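*Asks:* Taking full-length UniProt numbering, the leading residue of the sequence shown gets 1, the next gets one more, and so forth.
None of these hints come from the bench; they were simulated from the model.
Quantities reported herein were computed from a predicted structural model and do not represent experimental measurements.
Be aware that a few hints might be false.
Stated by the list, open to error - When the alpha-carbon atoms are kept at most 27 Å apart in a straight line, the in silico DSS-like pairs for lysine-lysine are as follows:
hint, residue 1, residue 2
1, K185, K87
2, K112, K123
3, K171, K138
4, K45, K11
5, K211, K4
6, K185, K64
7, K38, K211
8, K112, K211
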Amino acid sequence: MAGKPKLHYFKGRGRMETIRWMLAAAGIEFEEQYIESKEALQKLKNDKCLLFDQVPMVEIDGMKLVQTRAILNYITGKYNLYGKDLKERALIDMYCEGTVDLNEGIMMLCFKPADTKEKELQKILENASTRYFPVYEKVLKDHGQDFLVGKQLSRADVQLLESILMVEELKADILSTFPLLKAFKGRISNIPTIKKFLQPGSARNPPLNEKMAAEAIKIFH
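The task is simple: from the sequences and hints, build the whole structure.
*Replies:* Next up, the structure:
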């Protein structure tokens with residue numbers, strides 16, 4: 001029997017967090033090997049574990065996978081979270097890329113100079129409320145189903161929920177003008193595997209703070 005997937009990354013959300021979300025949504029237990037020093041990262045490079053000398057890296061099914069999208073494609077394909085055909089997969093990819101773009105700004109917020117953070121925060125909130133969330137609200141309305149694509153949970157739903165919760169950490173009432181997204185959040189949050197991941201003590205990481213950002217910079221730069 002294959003062992004649990006092992007995740008290699010620093011102790012923080014970053015680009016690994018969506019992978020954690022996806023494994024959790026699939027009901028797959030995993031282990032984490034935190035990278036806590038430059039030396040630990042260099043050892044992975046010296047051992048030829050990182051194809052492009054970068055993380056995240058996930059050991060799964062005898063492979064050492066890198067590149068976030070490749071990892072997510074494998075996990076979601078394996079655990080039936082990637083649609084039933086090419087058309088659904090194209091829609092899922094399209095919706096997921098939107099959440100990646102939104103999340104990127106949030107992930108980088110702690111790394112911005114102090115005098116620009118407020119401006120960057122307002123830009124993120126504006127993008128969420130005028131560019132991204134209206135799109136997903138319309139998708140839910142037009143599709144008329146509980147999920148973004150098809151009639152079952154996909155990675156698009158998981159990644160959208162992750163994005164919603166990240167933006168709500170910045171502005172709690174961000175969904176006040178998006179009733180379908182608010183209902184969507186409630187439905188997806190109550191799927192048993194996801195509900196478990198949202199409980200205290202799970203593998204879900206807290207928002208990145210200045211201290212964690214400084215530690216990440218020491219490791220990766």
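*Asks:* Straight-line Cα separation of K45 and K11 no greater than 27 Å?
*Replies:* The hint holds at about 18 Å.
*Asks:* Hint check: K211 vs K4, CA-CA at most 27 Å. Holds or violated?
*Replies:* This hinted pair is violated, its Cα atoms lying about 30 Å apart.
*Asks:* With a cut-off of 27 Å on the C-alpha distance, tell me whether K112 and K211 pass.
*Replies:* Answer holds: K112 to K211 is near 13 Å, not above 27 Å.
*Asks:* Are K38 and K211 close enough, with their CA atoms no more than 27 Å apart?
*Replies:* holds (17 Å)
*Asks:* Is the hinted pair K171 and K138 satisfied, with a Cα-Cα distance of at most 27 Å?
*Replies:* Distance ~21 Å between K171 and K138 Cα, so the pair holds.
*Asks:* Does the structure keep K112 and K123 at a Cα separation of 27 Å or less?
*Replies:* Distance ~13 Å between K112 and K123 Cα, so the pair holds.
*Asks:* If you draw a straight line from the CA of K185 to the CA of K87, is it 27 Å or shorter?
*Replies:* holds (24 Å)
*Asks:* Take the C-alpha atoms of K185 and K64, compute the straight-line distance between them, and say whether it is at most 27 Å.
*Replies:* Measuring from Cα to Cα gives roughly 33 Å; hence the hint is violated.
Consistency note: the structure conflicts with the earlier hints numbered 5 and 6.
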